[in-house]
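Chain order of the listed sequences is H and X.
Position in the first sequence (from 1) plus 785 gives the number in the numbering used here.
Position in the second sequence (from 1) plus 1305 gives the number in the numbering used here.
Treat each hint with caution, since some may be false.
As the list claims (entries may be wrong) - Partial chain X-side listing against chain H, Cβ under 7 Å, derived: (1) Val-1799; (2) Thr-1834; (3) Asn-1929; (4) Ile-1957; (5) Ile-2316; (6) Gly-2323.
What the hints contain is simulated information worked out from the structure, not anything from laboratory work.
Just so you know, these numbers come straight off a predicted model, no measurement behind them.
For every residue, glycine included, the Cβ atom is placed at its ideal position computed from N, Cα and C.
Each chain, written out:
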Amino acid sequence: MSRLGAAFTTALVIVVGILTVLGLAVGEGLGNLSLIVQTRGLPVITDLFLQVVVVTIATTVIIGIINLLSVHISRITQRKGGWVYSVILVVSALAVMVITLLERAGVLTGRPSLSAILLETVQISIESALAGLVLFALVYGAFRLMRRRVTWWAMLFTLILIILLLGALPLPAVNGLASIRNWLLAVPVSAGARGILLGIALATVVAGVRILIGQDRSYRE
Amino acid sequence: MSDEFDDLRSLFDDEEDEEGHPAADNLPDTGDVSDEDAPRLDTGELSGRLGQLDWQQSGGDEADAAASSSGLGVTGQLDWQKTSGHEPAFTEDVDDWMQEFAEADELAVPDPQAVWDDMPDWLAGDDSHDQPAEPDVPDWLQPDDEVSDATHPERPDWQEEFHAGAETPPDAEEWLAGIGESAPPDLGTALPDVDSDDFLNLFGTDELEQEDEISEILRDIGLGTPAEPPAEAMEEVDESWFADEEPAETSPELPAWLTEIEDFGPEDAAPDDVALPANEDFFSELENLDDLRAAVPDADEPLQDIDSLLAGYDTVESGIPDTSERLLDLNPDIERLLADDDSFGFAGDEAADDLPEGLVAELPDWLSEMGASVDELSAAALLRQGQKDRPVEELDERLQALHDAGLNLKPDQEEGVSDLFKSLLPGVNEALPPVPIVRAADSGIAGDLILTDAQRSKIDQLEKMVAAGRLPGQAAQGMSAIDRTYDSPFMQNVFDDAEAAGEEEPRPEAPAASRRRVRRIKIDRLLVTLVVAAAVLLPFFVSSLRIGDLPPSAFVASSAANRAFQQVEGLHVGDYVLFAAEYGPTAAAELDSLTDALLRHIIERGARPVIVSGNAVGLAHVNNLIENIGGEQALEANQEYYVTRYLAAGVIGTRAFARNVVNYVSTDMNGQATNLGVSNIGDFALIVVVAERAEEVRAWAEQVVPSASGVPFVAAVSYAAAPMAEPYVLSGSDSALPGLSGMLVGYRDAYTYRAILGAAGRPPQLLPPAATTPPTTMPLVEATPEVTEPAESATPLPPTEIPSATPLPSETPVLPTEMPTLVPTETQTPTPTTTETPLFPATFTPTPSFTPEAAGAGGLPVITGVINTSQGVNVRENAGREFAVVAVLAGRSTVQIIGRNGDESWYKILLEDGTEGWISASLVTVQSPASPTPESAGKRLPAGMRLQAVTPTPEGGAVVPEATEEATAEVMEAATVAAPTVSVGDSAALPVTMAYQDERWYSMTFGIIVIVAVITLGAVVNILRSLLIRRGRS
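Excised from the complex, chain X in its bound form (with noise of 0.2 Å):
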């Protein structure tokens, strides 16, 4: 569009001539005659660079280089001109007359008689020319002898006097002298002469009477009526530059000798045998422009000769400043363009008063109308508007090569050319880089003239947005999210008076961008990271760092995640529990713990967890958990737990779950038939959700819940998610309303429920509602094994199924009685005497159906135990945990037990390898001597039958001590202690899951208490630090 634009504008400056007189009052020019030092148009060489249009090309070169010799304003021919055949007889009077103006300087005030007699003689009126010359002749031009006066009352006086010059040309020397300043009009150039907006005015009206005109006007300018209302044209012009002009009911801006001759009838037109041009082909070739601007071999040309135009009026003659410059300049700056006072004097009243006298009000329309506004839109803003560039898939493969590698293009072009530059531009040693985006000097002109408040708000909104504006140098950086944040007037510094409050804090300057990024380590920030990093990892080699008190190990009977552990512990056997993994793997260190002890506990109880997730990853990652938690004894798939496809769609498919269970529980995750027996939501005892975020919780608490009413949900979430998981847990009295039934959260409840499902002999202890009484404190559990009633509601077991509590022996066992003397290290003190005392108490009175069918050396029974935990137990080298480690025995494994200790809180164990060692005794379950088998006794409840919570008594059973701390932490320093592994069965091959649980939890305390303290550094320093800032500052 700026090319089209361009090309009416090189056409359109013909309309003035090179004197700066208007084109209204006078004709087209033709040449500098009248004054040599003024500066002149190349037309001719304008119109060779232009390339020709259309109607031009098919014209005969004779004319064309008649036109260029002569100097005149001739860049092409019309239709009518070369259909006619008569070109040379026309062209070359022309050209032979015209030459000699050009070349006589005394011609400049030439003889009248001389130029009459050289006049050639269809000019000079002469009646004996050969007709066939006369089609050549303009209508206008012609001698009207078959046109009356009365039908050209207003003929123009020159034409008057042209046709009275056909007799005696009385005024012939008045008329020739005008010719200096005004040559009669040139067909060539008649055309483009109009004023550009006046024509193009025509165009824009949608009236009848303009179409009449329009008609009119081009008939009487020799081209005839067009065959059709100039819809055409109309489309090919942008509507939006003339849409809301007022059609020009008159034409009181047509040049003068437009509107004169506008006043010829139609009788005026030219003869029947002349060949009128076609106007279809006018109007085509209007629409064509493209394929115009497309035959122009350079775009810089013609800008340079309206650069040589413009030159021409010179800003010592007319003010008019040189604009070669940045018309030459292919990416020219637009708004500077636009907004230099002396960019366009005729932007201003100011630079029209510079213009010479008669020049401003002679400025073209189209240039006095770039600082003219239309509806508040100007017209370069307008002309902006309408600018298309052309789409790229027109270029050619090259262009669009070139293209691409801009768009590629970086900021910075230190490097020089790229290889891709060189191989699309051969020859081509280095590119610009890209134009900087320079904010425009304020100019009163451009920005009172051209731009409306709202076009100037919308600039500032582009500046904003490519944070334009800034010095060169200065980096191309918007407002930071910080300093968006400090922006609020809530954000005042504390410490700043209502003076220096809108002092700020001098920023850095930004590197230049030229100017290589250098990075810098910031030693803050490393100080603080290594801090950090050390805090957390001590704890785990410092045994001195361990501070602070293990988490209970109970939970506070009031709380929700007592309410939690309660209902996981209310299962039956053969419930299908309903257990939603919703975490990821950056959760999984926080949550696996909580999940792996709930799945135990699930699984203890006989319940089957039926596992869905909505995280694929969660899904196979909790998948591996619950294989791994059978230990050597794997739980079957599909038989003693589920795990089932995973659930797509976020909400929508939580709540498509909920709605059909079935098909979603079908199939597990492998595609096999899991053949679960629940048909709707309902048909689950317990719904489980653990989750990272509080969304999931929600989801699970508004999607599902509310369609299993009566099921009670406990949900088990992360840290970041408890604050917006809170308000959907239930108190203890409005649990008939769908939420939460109870809630555990983090780490913390993860190590109070292992420690509770590690002690053996449930149920646990709880502790007072008020009461968070340190571990330490709480008293330890009684060394008398507690015998826990069967519940009344549990279900007999089949008596084939239940693990019978075979009577022990009839005699009482005699196990060796050791009375070691230990000696103990340097430090260990003070040293523990250690009195083995017989394993079972004087009252344990065995029945006599004791077969002794497993007896040891001696004749006695072997006392063997199996560990209760799946996780590495240590064996040490006396009782106590003081003591060195000796080995680590595989959880699950069976050990023979041969002595305990006086509290009977350590037993004596020998190991295969003949190693003796002890272990605590809340880790062994021991087994009678005519017990089952050690995997018998592993073994958990067949699914389907429900759990009789039936403790062996200890006439005959196993003894389950009550957990301990101590024991508790020996399961994990199981795992830390670098001891040879007593391999006894096959143990997990995944990782052990809580391993280093007392580590973590040491190493959280310690870390939370460097992060307070690195926090509360930062805080003081930062603060005596502002205040220093202000105290300089006053």
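Bound-form chain H, shown alone (with noise of 0.2 Å):
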């Protein structure tokens, strides 16, 4: 049965996968092929596989919260250890559904509404100051890069990082770093990263691929 059960699973994702392919592919690119793909209805059901697959994760969502809160509440009621800060999401939490909650009913018609002050003085500051540490971190990262070996690569690193930014700098005295600076980034820059564009797209053709011949099913794990 079990064997049975994988290769029914295998043969529904291969068609599914196929079906997807076809309506995403040919149904766009290739004339009147495509006005016959189109024509069957295949678009209609490729969008059907694409809307199950949005709707699904949207669902997730709830569920991650759902999940997050019930989470908190046990620990909160077991008082695990850092309740208190359960104490704050959960309540957190709660006031701000409550909020959006009757602010789309009409009782909180403040402007700017309540929850718009929540999110720009609480959430997008305290994240991005939250970023802004990070600079900290890389810059003593930098500073320690070679404490530890002196190697032909740190320096390299550490030469480059240093034309990187002076070269950004809008003085009149660095601009022949500024030069050096624009050639590194349109050149060996741009070129590695249109090398490791090139290869998602081929690591991505060749899963496609593994997975509609049946090659790879690790959807079964």
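Quick one: dock chain against chain with the hints and give me the complex.
As structure tokens, this is what we get:
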């Protein structure tokens, strides 16, 4: 039975994958063939598959919210370590939910809205500040880069880093470095980026083909 | 499983007698009757501690008592014993008889006659013995008169002699002399004395012949023919133990006594009236070994008995070491136990050589095979593999709680027993810490004989995983990411020579696990943090640190940024722009400026942005931004802009959106209908993506843009995403391909974009491609108002809706001309002299239709102006940025203009409170005296109408001067100066975007300089340090 189920699962994935690929690729770029495909209603099926995926993933967001609240509520009820933070989380989440619902219901009509103020003054501010702290970690990491060992790669990295930073300065004295910086960004960096993107594309194609021919069945795990 | 193994081992230990003689050539021991000095195995005590098997428990207590008191190896009775109903007659005789054997010292060499006389009747072959006693006697002990010798051609000698002795015991003396060494087999221990492996091997074969042999052997030893093949027993026994072993076609390894009785034919079976043991019960009892283990009251005591057994062999006599210490350890170090050289002498030839003569070959098979291997797997390894822990669910509640508490134990139990343990184990004052993982000493014996290469490699992997093998006190931590990075052959120290390459800088010894970790402040880290923080903060307060040039006020003509600007600039009124805000709060500080500039531009062009996002927080944030853009004249949602719902599912959601736009944009983020008139992605005039990461740009470029052929695509990305997004930017010649028509990057482009937007009278001044001239070298905009011709493609507006440029009054307005003499402060040098000139040039000719409806004092028309930005604007004491700020006007507010300076770059205004001040002309849109109200002037065109790029002519309309750097800076400085704010109209409640615009740029500039200095300093210091270390080492 398990073997039959595995075969059925593989066949289902292959069929759905082929239909989706045909609906997305063939349906849009092959002229008359595309018209035939579209006439057959294949794009409708493809859109249906895409919508199923989107709705499923969107549902997981709701499940995640419920799970988050349940976990922290259980921590509160069991007085586990750090339960005070769980209280803050649950209260904050419920407060935002209630405020948003009241605004949608027309009970709270202030402008700007209370939820917008909370978002801007609390979440955006805090997250932006935390992101800004990364600067210090990066600078300190560069400062200590060669403390453990002095290598050619470390020296090259430091040199390019300095050139890029100085080249970004709006100072006439470093106009020469700005030219070097522009060249670095335009040639080596862009070439590397294109190579990475091509690699990603090839890997995506390979992964898709493996799934379509049933070679990759990781979805069963 | 280990308990089962121990039980079997404890039973099979009876295979040897106390002197180490094997049981193969003897019968089960009957106690120490031959040599008192030899250690004895108190099997009676062992039996009592072991608990009784089912077939023991149902037996009579008398037999057990007799067995215990006599010291015999009787550990229980089989069913046929207890059900015969004649136990007293049998056991009492044996008891009496054997008691005397045990107590009489001189019986070490007993008197044959005395023994014979005292021998129980049934044993002496007394035919006159009561017949009921016969069933009690095993068949092989019964006088076998009915069985002919022909059926027993290979009857054992001792049995032959036994039968012969019924009449005259000629060899009784010899036989009895051997009693001290080998007693008659006791059925109570007969089964356990079967060689364990051989016995279990019988269950491990599938051969029919073997089953027959099993039946025959079991029948011969009194168990009768098994009702069913021993398949159940095979299931009970781990197949992996013996599956690979060849089935024993014969039983060469059986004990001699068992081999001999094997030759008994079926006719030797017990008579019909003898109650044979229930074979099913026996096998079911074998299957229920777990129940037997559960009946064991204390798992330690059997081990102790085994230890006493092994101690009986003693290291002096047998060479087998005392293992009591290890076996009594409930948490034995298995690795060490199996690896130590002296753990088991059987494990190698060297140890076997140390054994007394005769003992080496007679080691129990199970013990010998601990060092043997089956298909490269040792028996010990097989045993360990087969070991299974009892499921936690089968434990009682208290043990389960203890198990859970053990899982939560901290590595260090310095604080003693927790309250949880006190509650679980009342009276226990301390708990053992978890067993430390210590690498066992290298053992050639164990390593060579027990572990295969594959097993050794697995152990090495496990030790790496748990970081075992370090000395006690050494931190159990694996190789860090940095160590792994430096482990690369490409990361050799450039200052190390070949000899020193392998020498690593001695790593600081990690603190012991028991030592409390001390948090030390790293001075260098603190200094770097403070220096960098000061570098990015000081430019906000110290003007002398504002070094460097501001970003250019215009894009390079051929740049991707300029193409992006031109794409937006080419929008028409009513166009829909798909605006994807794919960034969250972490990138808000960098990308909000770009988002704000793009949205302003789109709205000012009369187009309507349709905002989508795969980031829910980012979507709400951009909604707040666009609400703030309108200032006091808030934009109308779902009319002038649209914020649709969140796009879930990442790339797939983006693709689904491109294929079904209507479904996604039909409702906004509040669930309200948008009534958008788009049916597919091609209905949008422009696609703008503001992305934090390159993945979002890639998703839109690959999933959406191909479906929207002909729709230009513009991206605004952060500095970090720019390199990976750059490949998607199209050059000017391949615009037909799907890709980015233009791209804006980071704060620098945002600054320039806003400078262009803030400068009235677009199109902006474009720079030649190669000249990235800083703004200070750019020629300032001519003071002469620049008139832009209406675009040819512009759709004429309906006359009623066009803000008509009402002609100015025919008479030249007479504005007061002031020549203020300013008294500059000491620091303000040189002191400019502001000469006010008439507001409008002399060539300005108002049309005659002007009706001075709004006349000021003296009948003069009131010239008003509207701040053309939503941000605050400084009002200064005099015409120039070097003068003090006297007030700050809110954006979009209306002011009364009462004069201007000579080059018309500054207007003198009159505030509501009567205060006079100067404001940059570039920030004010002058309204003619008869022009529409300030509200209508500031309003955007209604949706659905195309913007006619009409700049009012000097003859009638607003004079829109070009943007200057001074004006742009003035906008931002307005927010920084602590001056009284003049509230003109409602101002935005949310923070004004792009505040501290210049200061932020100067902060970035100075911060980069300091950061470069810090990094350079660190590199130099570390290089010098490495050189010094190398020098000191050499």
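To see whether the hints hold, each was checked on the structure:
1. Val-1799: It holds, given that the least Cβ distance between Val-1799/X and chain H is near 6 Å, below 7 Å.
2. Thr-1834: With a closest approach of 5 Å, the Thr-1834/X hint holds.
3. Asn-1929: With a minimum Cβ separation of about 5 Å from chain H (threshold 7 Å), the hint on Asn-1929/X holds.
4. Ile-1957: With a closest approach of 5 Å, the Ile-1957/X hint holds.
5. Ile-2316: 5 Å, holds
6. Gly-2323: 3 Å, holds
Violated hints: none; the structure is consistent with every hint.
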